[in-house]
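Just so you know, the sequences run in chain order A and B.
This note's numbering applies: residue 1 is where the first sequence begins, and numbers increase by one.
This note's numbering applies: residue 1 is where the second sequence begins, and numbers increase by one.
Take these hints with a grain of salt, some might be off.
Straight-line distance between alpha carbons at most 27 Å, and here's what the computed BS3-like set of lysine-lysine pairs gives [to be verified]:
1) A/Lys486 / B/Lys444
2) B/Lys444 / B/Lys276
3) A/Lys406 / B/Lys58
4) A/Lys243 / A/Lys58
5) A/Lys58 / B/Lys486
6) A/Lys138 / B/Lys283
7) B/Lys283 / A/Lys504
8) A/Lys99 / A/Lys222
9) A/Lys243 / A/Lys342
10) A/Lys64 / B/Lys379
11) B/Lys444 / A/Lys64
12) B/Lys243 / B/Lys287
Hints are computed from structural coordinates only; laboratory data are not their basis.
Bear in mind that the values here come from a model prediction, so they are computed numbers and not experimental data.
There are 2 protein chains.
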Amino acid sequence: MITGKNYIGSKLSAKGNITFTTFNPESNKDNTIVFTEVTSAEIDEAIALAIKCFQEYKSISGLKKAGFLNAIANEILALDDVLIQTYCLESGLPEERAKGERARTIGQLRNFANLVSEGSWVEATIDTANPYRKPIPKLDIRKVSIPLGPVVVFGASNFPLAYSTAGGDTAAALAAGCPVLVKSHPMHAGTGALVASAIIKAAKKTGMPNGVFSNLNSAGVKVGQQLVLHPGIKAVGFTGSTKAGRALLDLAAKREEPIPVFAEMGSINPVVLLPKALENRHKEIAKTFANSITLGAGQFCTNPGLLLGVKSESLANFIDHLSEEILTINPTCMLHPSMKDKYEINQKKIVSQEHVSVVADYQKIAKANYAEQVVVTVKGKDFLTNPILNLEVFGPFSMIVQCENKNELQEVITNLEGQLTGTVISEDDELSDFSEVISSLQNKVGRIIFNGVPTGVEVCESMVHGGPYPASTDSRFSAVGISSIKRWVRPFSYQSWPNHLLPKELQNDNPLKIFRTVNRKSTKDEIKK
Amino acid sequence: MITGKNYIGSKLSAKGNITFTTFNPESNKDNTIVFTEVTSAEIDEAIALAIKCFQEYKSISGLKKAGFLNAIANEILALDDVLIQTYCLESGLPEERAKGERARTIGQLRNFANLVSEGSWVEATIDTANPYRKPIPKLDIRKVSIPLGPVVVFGASNFPLAYSTAGGDTAAALAAGCPVLVKSHPMHAGTGALVASAIIKAAKKTGMPNGVFSNLNSAGVKVGQQLVLHPGIKAVGFTGSTKAGRALLDLAAKREEPIPVFAEMGSINPVVLLPKALENRHKEIAKTFANSITLGAGQFCTNPGLLLGVKSESLANFIDHLSEEILTINPTCMLHPSMKDKYEINQKKIVSQEHVSVVADYQKIAKANYAEQVVVTVKGKDFLTNPILNLEVFGPFSMIVQCENKNELQEVITNLEGQLTGTVISEDDELSDFSEVISSLQNKVGRIIFNGVPTGVEVCESMVHGGPYPASTDSRFSAVGISSIKRWVRPFSYQSWPNHLLPKELQNDNPLKIFRTVNRKSTKDEIKK
Chain A
1 MITGKNYIGS KLSAKGNITF TTFNPESNKD NTIVFTEVTS AEIDEAIALA IKCFQEYKSI
61 SGLKKAGFLN AIANEILALD DVLIQTYCLE SGLPEERAKG ERARTIGQLR NFANLVSEGS
121 WVEATIDTAN PYRKPIPKLD IRKVSIPLGP VVVFGASNFP LAYSTAGGDT AAALAAGCPV
181 LVKSHPMHAG TGALVASAII KAAKKTGMPN GVFSNLNSAG VKVGQQLVLH PGIKAVGFTG
241 STKAGRALLD LAAKREEPIP VFAEMGSINP VVLLPKALEN RHKEIAKTFA NSITLGAGQF
301 CTNPGLLLGV KSESLANFID HLSEEILTIN PTCMLHPSMK DKYEINQKKI VSQEHVSVVA
361 DYQKIAKANY AEQVVVTVKG KDFLTNPILN LEVFGPFSMI VQCENKNELQ EVITNLEGQL
421 TGTVISEDDE LSDFSEVISS LQNKVGRIIF NGVPTGVEVC ESMVHGGPYP ASTDSRFSAV
481 GISSIKRWVR PFSYQSWPNH LLPKELQNDN PLKIFRTVNR KSTKDEIKK
Chain B
1 MITGKNYIGS KLSAKGNITF TTFNPESNKD NTIVFTEVTS AEIDEAIALA IKCFQEYKSI
61 SGLKKAGFLN AIANEILALD DVLIQTYCLE SGLPEERAKG ERARTIGQLR NFANLVSEGS
121 WVEATIDTAN PYRKPIPKLD IRKVSIPLGP VVVFGASNFP LAYSTAGGDT AAALAAGCPV
181 LVKSHPMHAG TGALVASAII KAAKKTGMPN GVFSNLNSAG VKVGQQLVLH PGIKAVGFTG
241 STKAGRALLD LAAKREEPIP VFAEMGSINP VVLLPKALEN RHKEIAKTFA NSITLGAGQF
301 CTNPGLLLGV KSESLANFID HLSEEILTIN PTCMLHPSMK DKYEINQKKI VSQEHVSVVA
361 DYQKIAKANY AEQVVVTVKG KDFLTNPILN LEVFGPFSMI VQCENKNELQ EVITNLEGQL
421 TGTVISEDDE LSDFSEVISS LQNKVGRIIF NGVPTGVEVC ESMVHGGPYP ASTDSRFSAV
481 GISSIKRWVR PFSYQSWPNH LLPKELQNDN PLKIFRTVNR KSTKDEIKK
């Protein structure tokens with residue numbers, strides 16, 4: 001049952017007097033459950049609990065944390081249809097997508113459970129003493145990853161499950177040993193409340209300390225600001241717009257103690273269409289990209305918003321086919337009227353620029369909040385001189401830039417901002433002719449794709465979801481995959497520490513049987529004294 | 001020969017009209033060589049070279065980078081006596097220290113050379129495709145660490161070799177594949193110029209592209225600011241005061257594209273003296289810490305500036321012995337009159353606070369720029385209520401805080417800022433009585449030491465030199481040891497990329513024979529198709 005209250009640790013609480021409801025974009029009506037925004041005092045209470053809890057939670061074994069994460073997954077599955085229905089009512093997304101995203105969320109939780117129950121992820125590194133070394137004896141030093149402290153996670157509008165309450169950021173932080181405070185996304189506060197109840201149940205069942213998780217409702221910006229500025233908070237995870245992410249980064253940078261903010265933000269995901277590929281396959285490529293551009297009403301951070309090619313007959317043919325294909329795809333519902341409004345404002349801003357031609361515009365929109373699917377084209381030189389054309393239009397929109405030649409294509413790429421992905425559509429034998437173009441593209445992105453589409457982010461260890469600013473605020477980390485746990489930990493050294501008081505990961509007999517680097521060799525062996 | 005000019009890439013250049021000299025604190029006289037501050041145009045030129053060079057240098061093989069790093073080490077050794085003499089003339093430090101620091105610098109360069117010639121450090125991670133996976137096929141994704149781009153390194157006043165021109169930051173960045181621009185420290189511009197000439201020679205001998213290294217003279221702050229604000233710079237390494245480090249961090253945070261700043265800054269390195277240890281060994285402990293406090297005129301970031309104990313007769317005895325020991329140690333020369341002035345101002349600021357008692361004050365100073373060695377004591381409650389007492393006094397100074405009881409000791413630790421190190425002086429059987437105290441200490445530091453001193457930072461893989469702010473600006477990284485290379489790289493994914501165009505680290509046949517994670521298993525095996 002969704003109460004509309006906040007979870008301050010395991011306690012339901014609603015002391016505030018600001019309330020809000022979620023919205024059903026499919027029916028274009030408010031949903032009925034009333035949510036109470038968390039108060040400043042409740043925030044302080046939740047953070048105090050998290051700080052206290054951290055002293056215990058930071059040292060809980062990997063096996064117990066795995067039990068907790070798996071229990072969260074089980075409790076989310078146990079929510080069954082009510083979760084799927086709430087998700088759909090609050091997002092306008094279809095049931096199939098809800099189920100797919102739930103599967104991904106469960107998969108992420110179980111991946112992190114496996115990671116921490118196995119245990120080698122802490123990068124235990126041991127250099128043993130050598131009393132005979134000259135000129136001075138060598139001391140025993142042992143390093144392990146430890147959690148940063150309480151982490152704030154901001155729910156994302158476009159992933160009510162996989163990037164929100166128990167999404168990737170939360171799963172990674174809990175796995176790392178950090179208590180989590182979620183600033184629930186107001187568009188899907190009900191979905192968030194259900195998942196929060198699952199986390200609280202799981203925490204109780206597996207004996208986690210109170211304060212390991214709190215869920216805070218808010219429809220404005222003040223709650224997020226108070227959270228980021230609180231000295232008890234040691235890191236922030238965010239997925240959303242560049243504007244909001246940058247605002248949080250700036251806030252965190254101004255603190256007396258600045259803290260890391262990992263924000264995954266804007267991206268227009270450039271796609272480079274090489275000439276031979278267009279010549280041979282323009283029709284097929286057009287169909288593939290029409291689907292990728294309109295998938296989920298274009299509301300993916302990996303949506304291909306920028307297609308780059310060199311002027312040619314086949315590029316012209318590609319544009320024609322893409323336009324045709326776009327018009328055969330039925331528009332779908334956007335997440336919220338505010339998303340649609342913002343989409344239309346940005347899209348019109350682009351369309352109203354000089355030298356921008358609209359090549360496809362699906363206008364037969366039957367219902368409110370359904371997205372108009374738009375493709376435009378512009379010359380390379382105009383794109384280079386008008387920075388507004390770099391704007392991310394979040395929705396089913398894409399811009400084709402027609403460059404004069406290879407040099408102009410290279411220049412366009414060199415002038416792009418940081419991106420999550422870059423895609424190259426190419427025949428095998430033309431790729432090496434464009435090695436400089438591809439090298440420039442690599443400087444701008446976190447992931448580069450050959451003959452594919454950027455949408456669809458595989459959750460695996462080799463995935464990088466992040467990239468140079470503004471794709472993310474710190475390109476040294478990924479927001480997806482088990483390596484994303486590294487955002488929430490720091491290395492810590494013990495020098496000459498008594499063996500029995502070391503964490504198990506560093507003890508001589510390697511009781512957890514993890515891989516460790518001992519005197520520069522990777523091994524599971526124990527250290528003989 | 002020291003020309004006093006800047007290295008703009010491999011070119012000696014001195015177009016500016018601001019000049020300065022270094023200072024010999026031992027003789028209390030200016031040195032004779034005149035250095036010319038780099039101009040704004042020369043900075044732009046050096047950065048343009050670095051940007052251009054990056055396109056080539058980012059893809060140079062680990063073996064070639066290792067050759068370059070080893071050549072730098074060889075060229076530094078070839079500078080022989082002139083380097084040692086210049087070092088001593090510019091720092092007032094003894095020859096033995098100069099030679100020790102040179103050995104450390106050479107060791108760091110060779111460590112990174114070994115790391116990149118072996119090659120596994122890039123954390124190559126491969127998930128191979130599975131076309132039969134349901135509901136959707138799995139794509140081939142491969143991840144590797146790639147360099148961020150041109151890095152600015154600020155030379156440190158207190159380590160003219162090991163943390164300056166070819167010090168840890170530079171060695172790590174060059175190893176990572178990042179061109180480096182050093183803002184030379186004005187107190188030892190000659191030492192820096194000599195080392196820079198060694199780097200330039202090594203670059204030429206090993207065929208590195210021009211722009212891989214530049215050395216920029218400056219006695220003010222503007223050069224550093226221009227460097228940090230330049231869009232071509234992608235990361236910053238700094239060792240120095242909290243004030244200067246924070247200023248750079250704030251500058252970088254305000255950029256249109258914020259960049260990572262790794263600054264290793266202030267620390268007072270708390271030492272917790274447990275009762276039984278004091279009872280049994282107060283005399284020996286006093287001698288050990290008198291040496292650690294005065295080592296190198298206290299000019300180490302790991303200097304033990306804060307000794308914490310619970311009021312007792314043995315603590316009183318310890319204080320007496322420490323005072324006696326301090327007075328038996330001959331004062332030494334500080335790095336520069338400005339360092340001594342700052343030391344005296346801060347030391348007097350502390351001494352002038354209410355309730356602070358001076359217990360040792362070595363005042364028989366024979367020479368200018370020699371440091372007065374001072375130890376003071378204060379009650380726990382006074383320390384807790386007066387934040388000025390947390391001030392770092394960079395020099396041979398320490399403060400003993402006498403707490404009423406264990407709870408007050410814990411409170412003092414809980415209220416500390418972040419620190420590089422924490423030390424526990426304890427008998428084996430009393431440590432578990434203080435587990436909460438130690439847990440709180442752990443939250444504040446990057447390295448914890450049992451029955452030792454914080455001075456003396458072993459350069460090894462398990463070392464963490466860094467810690468919660470303000471010890472460093474990002475506790476997720478270490479400034480010492482081969483893992484410090486991670487500051488300058490980001491993960492990068494290739495999706496469905498043609499095998500022959502992948503970097504060697506990711507190709508199926510594993511031509512570099514490195515350890516890789518293939519489908520979640522660590523292996524050196526090739527991938528069979």
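Verification of the hints:
no. : hint                : in the structure
1   : A/Lys486 / B/Lys444 : holds (19 Å)
2   : B/Lys444 / B/Lys276 : holds (24 Å)
3   : A/Lys406 / B/Lys58  : holds (22 Å)
4   : A/Lys243 / A/Lys58  : violated (33 Å)
5   : A/Lys58 / B/Lys486  : holds (24 Å)
6   : A/Lys138 / B/Lys283 : holds (24 Å)
7   : B/Lys283 / A/Lys504 : violated (34 Å)
8   : A/Lys99 / A/Lys222  : violated (32 Å)
9   : A/Lys243 / A/Lys342 : holds (13 Å)
10  : A/Lys64 / B/Lys379  : violated (42 Å)
11  : B/Lys444 / A/Lys64  : holds (25 Å)
12  : B/Lys243 / B/Lys287 : violated (32 Å)
Checked against the numbered hints above, the structure breaks hints 4, 7, 8, 10, 12 and satisfies the rest.
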